Amino acid sequence: MKVLYIESKLKNLKLNLDKSEIQKLPKKLFLAYSIQYKNITLFIKKQLEANNIKITNMQQVLGCSKIQTKDPILLIGAGRFHAINLYLQAPVVYILENSRITKIPGEDIKKIEKKRKAALMNFLKAEKIGLLITTKPGQENMKIALKLKENLEKKGKNVFLFISNNIDLCQFENFPIDSWVNTACPGLANDNAKIVNYQDVISL
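When the sequence shown is numbered by the working numbering, its final residue is 214 and no position is left out of the sequence of numbers.
Don't read these hints as lab results, they were simulated from the structure.
Distance condition first, Cα-Cα at most 20 Å in a straight line; then the derived EDC-like pairs of lysine to aspartate or glutamate: (1) K146 with D178; (2) K127 with D201; (3) K138 with D188; (4) K159 with E137; (5) K157 with D210; (6) K48 with E107; (7) K48 with E59.
For clarity, every value in this text was computed on a predicted model and none was experimentally measured.
Between the sequences and the hints, there should be enough to build the whole structure, so can you do that?
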């Protein structure tokens, strides 16, 4: 079955940032945005540059996107779903919502780090490992999953492959799995205490 991807963008929406909001930002930024806000991001970029803020780069993000930057990030979008994945990839994350700029509190990042650490400790002592694999384009990592399965079995783990287009966390209780290793969208690791992302265990 062929899949047709169509971009959805907000039209006729221009955000004029107040000086007091712009002053919350550092003098160097990486701009991240969800696709609906692409045109708005270009408008915001001009405002920031007019206020002597250097934009080092721009990138569209998804919940599973990887950002290569050491600069603070300003996320332009609605909600915090996309922001969660950025927390651990940048020194500081700001969110622009409804003309207001908010800095993500350090406490929020520490909570995520603590949760990830607990999931990793659970993985290390686990005997039965479930490898989560999606068939979605852009998130499918079958080769990585098979290589990881081979390496884990060499270490004495019992590894099972779970392949699906949509990963339903509610079904996890139906399987006697001690720890789940996610090769799909990294955001899944924030939804279940037994999930670790493959990036966190591949070098162990």
